[in-house]
Structures are given as C-alpha cells and as structure tokens.
Amino acid sequence: RGFADGTATGRFWKLQDLQFEGPGSILALDAGATMRRLDVATGNISTIAGALPTHPDGIDGTGSAAAMRDVRAATTDGKGTVYFTDSGAVRSLNLTTREVRTIAGKFAFGSGPDGVGAAVTFGWLGGIAWSPGGLYVTDGPLIRHIDPTTALVTTLPNPAGLSLSSVGYHDLVYAQNRLYVRDASSTEIRSIDLVAKTSTVVPTDFLVARQMAYADGSLVILADRCVLARISLSTGAVTKLIERCDAKDG
510 RGFADGTATG RFWKLQDLQF EGPGSILALD AGATMRRLDV ATGNISTIAG
560 ALPTHPDGID GTGSAAAMRD VRAATTDGKG TVYFTDSGAV RSLNLTTREV
610 RTIAGKFAFG SGPDGVGAAV TFGWLGGIAW SPGGLYVTDG PLIRHIDPTT
660 ALVTTLPNPA GLSLSSVGYH DLVYAQNRLY VRDASSTEIR SIDLVAKTST
710 VVPTDFLVAR QMAYADGSLV ILADRCVLAR ISLSTGAVTK LIERCDAKDG
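The numbering used here numbers the first residue of the sequence shown as 510 and each following residue consecutively.
Note that these hints are calculated values from the structure, not bench results. Treat the hints loosely; a few may be bogus.
To be verified - With a straight-line Cα cutoff of 25 Å, these simulated DMTMM-like cross-link-like pairs (lysine to aspartate or glutamate) come out:
(1) K749 with D733
(2) K523 with E608
(3) K615 with D569
(4) K523 with D733
(5) K749 with E697
(6) K523 with D569
(7) K523 with D548
(8) K588 with E608
(9) K615 with D656
(10) K706 with D656
(11) K588 with E697
(12) K523 with D579
(13) K588 with D569
(14) K615 with D586
(15) K749 with D714
(16) K588 with D548
(17) K706 with D623
(18) K523 with D566
(19) K588 with E530
(20) K615 with D579
(21) K615 with D566
(22) K588 with D725
(23) K706 with D586
(24) K749 with D725
None of these values were measured; they are calculated from a predicted model.
Given only the sequences and the hints, what does the whole structure look like? Please build it.
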C-alpha cells in the first residue's frame with residue numbers, strides 16, 4: 510500500500526469508492542482527498558484532482574489545487590462529470606478541465622432545512638446517485654434531491670412502506686425510476702419507486718449487504734464476507750457469482 514502515480518510504481522492508499530468511467534477506465538476516490546484514474550489495460554494510475562493531505566475546509570479549484578476533506582461516495586453522469594460527497598458537501602469534478610466545485614452544503618455537519626447551495630447543511634452523507642432528473646443523496650435517515658444546475662436541495666417525503674432507518678442509509682443506486690438503498694441499521698436493501706412513492710424490501714438471503722452497483726439491468730451486490738451476487742431487477746432472481754474467501758484467481 511502507498512500513494513503514487515505511475516504504472517509499475519502506481520499505488521492506492523485507501524480506496525473509498527469506484528466508478529466506471531468508460532471502456533478500460535475506472536475512477537477511484539482515494540485517501541479521503543483525491544480522485545484518481547486507473548487505466549485497466551496498462552495498469553497506470555493517475556491523480557485527476559485533489560492532493561494529500563486532506564484539508565479541513567475543502568477548497569474549490571483545478572487539479573491538485575483542489576482540496577478535499579473526506580470523500581466517501583461518487584457517481585457519474587456518463588457525460589464527463591463526477592459528483593461526490595465530501596464531508597458535509599456535495600461537489601462535482603469536470604473530468605476534462607479537472608475543475609472541482611462545491612454544489613451544495615458546507616464543510617460542517619448538522620442536517621438542516623432545504624435550500625440552495627451553501628445555505629444547506631447535511632448531517633451525514635452516506636451515498637450519492639445520478640439520475641436524469643438530478644442527484645440523490647442519503648443524509649442520515651433522509652433521502653434528498655439536488656438539482657446540479659440550480660443547487661436546489663429538497664428532501665423526499667417518506668415513501669409508503671419505508672420505515673425510517675435508525676442509523677441511516679449507506680449506498681444509493683438509481684435505476685429505472687427507482688432508488689435502491691442499503692440500510693445501515695439492518696440487512697435490508699430497499700427499493701423506492703419514485704413515481705408511485707412506495708417502498709419495498711428486495712428479497713435476499715444475505716447476512717450483510719456491504720456495497721451495491723448497477724450494471725446491465727441488475728444490482729451487483731458485495732455481501733457477507735466473500736459473496737458477489739447479481740439481482741435481476743426484472744425478475745428478482747439472485748445469482749451468486751462468487752462465494753469463496755480463498756483470494757485466488759480462477
């Protein structure tokens with residue numbers, strides 16, 4: 510483990526989240542303070558924005574001039590912009606210009622009322638998802654919507670069938686007009702229909718669901734100790750892709 514750009518010498522320090530950028534390219538939040546890129550074909554690691562050490566207030570800027578405090582989760586719009594949570598703020602990174610800017614929130618904690626931009630405070634940002642209608646974030650037991658253009662933040666009403674989490678939500682995935690959230694206080698993955706404003710539990714036999722992603726019409730779940738599974742969103746069928754802990758290729 511270390512922190513260095515390069516191919517043979519490239520190292521990650523502490524990965525927080527991964528996002529698929531495009532064919533052969535993966536984006537990584539690393540060390541709480543940087544956004545980095547991995548070229549899958551060559552193995553080259555490069556830092557796009559941010560620098561060590563972390564900064565208590567976060568600073569907007571370009572490339573290494575941008576400072577981050579505690580980046581945790583990211584999402585991409587597929588058009589060259591990455592959105593990520595950083596302590597109590599939601600920020601964006603333009604992958605072409607490498608400019609980082611704060612959209613909403615500030616580098617302080619305490620969930621507050623809805624509003625615009627820096628006037629809003631978030632309590633505990635646990636997940637972020639991009640949708641054609643804007644961004645969604647989990648803020649403790651709340652799910653909030655952010656318009657990335659106007660920076661307007663609104664709190665979603667509690668959907669029918671959704672009991673408020675006693676701890677908060679981790680992970681947030683958008684797919685097919687639904688949000689999928691992982692409850693930090695239980696083993697449940699919950700599906701929220703944004704049109705009908707209802708919620709249901711996604712049936713699984715996992716002891717603990719740890720991370721989620723969306724790919725090709727399915728939720729991909731990292732669960733329990735060593736289980737990687739796929740849940741079809743059309744049929745609900747659960748397929749366990751990997752179920753072993755021997756850390757071997759094959």
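Q. Looking back at the numbered hints, which does the structure fail to meet, lowest number first?
A. Failing hint: just 11.
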